[in-house]
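In the order they appear, the protein sequences are chains A and B.
Using my numbering, you'd call the opening residue of the first sequence number 1 and step up by one each time.
Using my numbering, you'd call the opening residue of the second sequence number 1 and step up by one each time.
To be clear, the hints were calculated from the coordinates, so they are not data collected in a lab.
For each residue, glycine too, the CB sits at the ideal point set by N, CA and C.
Please note that the accuracy of each hint is not assured.
One-sided excerpt, in silico: chain B residues whose CB lies under 10 Å from chain A [to be verified]: (1) E181; (2) G197; (3) F232.
Reference excerpt, derived from the structure (chain B facing chain A, CB under 8 Å, subset only) [unchecked claim]: (4) A167; (5) I168; (6) M184; (7) E185; (8) V189; (9) D190; (10) Q192; (11) L193; (12) V194; (13) Y196; (14) R224; (15) L227; (16) N231.
Non-contacting residues of chain B with respect to chain A, defined by C-beta distances greater than 12 Å in every case (computed) [unchecked claim]: (17) H7; (18) T148; (19) N207.
Number of protein chains: 2
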Amino acid sequence: MIKAHDHDYQHAGTACEGYWAFDEGKSGKRPGILVAHEWNGLQDYVKKRTQMLAEMGYVAFAADIFGKGVRAKSFPECEKISAPYYQDRALTRGRAQAGLDLLAKHPNVDTSKMAAIGYCFGGIVVLELARSGAPLKGVVAFHGQLNTPNAADAKNIKGKVLVLHGAIDPVVPPAEVAAFEKEMEDAKVDWQLVSYGGAVHTFTNWNLPTTGMPAAYNEKADKRSWLAMKNFFAEVLGQ
Amino acid sequence: MIKAHDHDYQHAGTACEGYWAFDEGKSGKRPGILVAHEWNGLQDYVKKRTQMLAEMGYVAFAADIFGKGVRAKSFPECEKISAPYYQDRALTRGRAQAGLDLLAKHPNVDTSKMAAIGYCFGGIVVLELARSGAPLKGVVAFHGQLNTPNAADAKNIKGKVLVLHGAIDPVVPPAEVAAFEKEMEDAKVDWQLVSYGGAVHTFTNWNLPTTGMPAAYNEKADKRSWLAMKNFFAEVLGQ
Numbered sequence: 001m002i003k004a005h006d007h008d009y010q011h012a013g014t015a016c017e018g019y020w021a022f023d024e025g026k027s028g029k030r031p032g033i034l035v036a037h038e039w040n041g042l043q044d045y046v047k048k049r050t051q052m053l054a055e056m057g058y059v060a061f062a063a064d065i066f067g068k069g070v071r072a073k074s075f076p077e078c079e080k081i082s083a084p085y086y087q088d089r090a091l092t093r094g095r096a097q098a099g100l101d102l103l104a105k106h107p108n109v110d111t112s113k114m115a116a117i118g119y120c121f122g123g124i125v126v127l128e129l130a131r132s133g134a135p136l137k138g139v140v141a142f143h144g145q146l147n148t149p150n151a152a153d154a155k156n157i158k159g160k161v162l163v164l165h166g167a168i169d170p171v172v173p174p175a176e177v178a179a180f181e182k183e184m185e186d187a188k189v190d191w192q193l194v195s196y197g198g199a200v201h202t203f204t205n206w207n208l209p210t211t212g213m214p215a216a217y218n219e220k221a222d223k224r225s226w227l228a229m230k231n232f233f234a235e236v237l238g239q
Numbered sequence: 001m002i003k004a005h006d007h008d009y010q011h012a013g014t015a016c017e018g019y020w021a022f023d024e025g026k027s028g029k030r031p032g033i034l035v036a037h038e039w040n041g042l043q044d045y046v047k048k049r050t051q052m053l054a055e056m057g058y059v060a061f062a063a064d065i066f067g068k069g070v071r072a073k074s075f076p077e078c079e080k081i082s083a084p085y086y087q088d089r090a091l092t093r094g095r096a097q098a099g100l101d102l103l104a105k106h107p108n109v110d111t112s113k114m115a116a117i118g119y120c121f122g123g124i125v126v127l128e129l130a131r132s133g134a135p136l137k138g139v140v141a142f143h144g145q146l147n148t149p150n151a152a153d154a155k156n157i158k159g160k161v162l163v164l165h166g167a168i169d170p171v172v173p174p175a176e177v178a179a180f181e182k183e184m185e186d187a188k189v190d191w192q193l194v195s196y197g198g199a200v201h202t203f204t205n206w207n208l209p210t211t212g213m214p215a216a217y218n219e220k221a222d223k224r225s226w227l228a229m230k231n232f233f234a235e236v237l238g239q
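Full structure from sequences and hints, please.
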């Protein structure tokens, strides 16, 4: 039986509202997965993904990066609420770390088996968290943005990295992908990148229409990328 | 019980020696997989891959592209025996088609479920075969070369395409990858490309040393790419 609920917490004086999901009928330690939301804030889509991770047997926590109640309904609102966190990566790392700290304290989490997944802006979040040296066995970015002002910090990455990328994503263009690949190679990170043909930005989000630019749902790429994540977790978490 | 054996056949007056592998204890129709060898010709490495496909339940046939006995032991020999087939793509397509025709005639092959995999030069082979309009449900290129003088023929591709690529493969450089991706997008092919960080050319071939340029074995990328192929076949062949 999956238990899922909002959870109030604080980071550096900011009220946050995250979201837990785990199987309460299951005892014992298991891997913990941190989930990082898109640029519209922690909304139903990411909550559903958090539940899906719980159904796979993990303890999952969706961190609230923007703060309680800070959720966008329109494109300009998304730009406005996310901008400070694209800008101030130290703040973003701290906010992500606060979520990871909570996850690590969950009585059922095996802290030697933690990983993080992020969507779009959440790619920034989980990759910056990894660059900060957080004890993550793996990081998965779904149509994640890959840019960073902190490329040299890639040497701190402790786990493996999987990027699941829309091949024609105009939000994450080839130059950004190339810079990221170079960053990973230079730091000798264990990384992989899958390009899904025909997929644009946000290809996993079933709330979007299936055609159009720059973002659209792509069912094939969604299913393939979720399976790629499962296989990656089987490798890096052992379950 | 896997039955595996060499098989003499002809293509356009040229004697060829291919290699079959299938489970002779298994009855009924099943998918057929064509295997295309590296630039050194059909040798033990590719025979072993053919056997591994048979162990997965497929009927597998390794085509002989260069002709019976044409096998290279040195780098210059590889260059010499492969050059005509890089050059004359119509010949290469024909040679590959001869192998596919044999596969299709095997009594246990379900001809509605055929696919092809190729290694290095074999990437050229299976992709050209697909561009010729061959009835393949899927094509997999392992560290395959992706260039073609026939980009417009991509519109003939009937199945799905999976490229498993070494991210720092100097034999298949970024410009070749980019041109291939554009070719696939322009033709609206269902394609995916996985880049394995730290992997150079020929990363699946366990006969190579594990370090060095331009080619080296990479166990992680080998295992991950084989799993990616399995998942792809599960999707495109249904088993």
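Hint by hint, here is what the structure shows:
no.: 1; hint: E181; verdict: holds, 6 Å
no.: 2; hint: G197; verdict: holds, 4 Å
no.: 3; hint: F232; verdict: holds, 9 Å
no.: 4; hint: A167; verdict: holds, 6 Å
no.: 5; hint: I168; verdict: holds, 6 Å
no.: 6; hint: M184; verdict: holds, 6 Å
no.: 7; hint: E185; verdict: holds, 6 Å
no.: 8; hint: V189; verdict: holds, 7 Å
no.: 9; hint: D190; verdict: holds, 6 Å
no.: 10; hint: Q192; verdict: holds, 6 Å
no.: 11; hint: L193; verdict: holds, 5 Å
no.: 12; hint: V194; verdict: holds, 5 Å
no.: 13; hint: Y196; verdict: holds, 6 Å
no.: 14; hint: R224; verdict: holds, 7 Å
no.: 15; hint: L227; verdict: holds, 6 Å
no.: 16; hint: N231; verdict: holds, 6 Å
no.: 17; hint: H7; verdict: holds, 35 Å
no.: 18; hint: T148; verdict: holds, 16 Å
no.: 19; hint: N207; verdict: holds, 23 Å
Of the numbered hints listed earlier, not one is contradicted by the structure.
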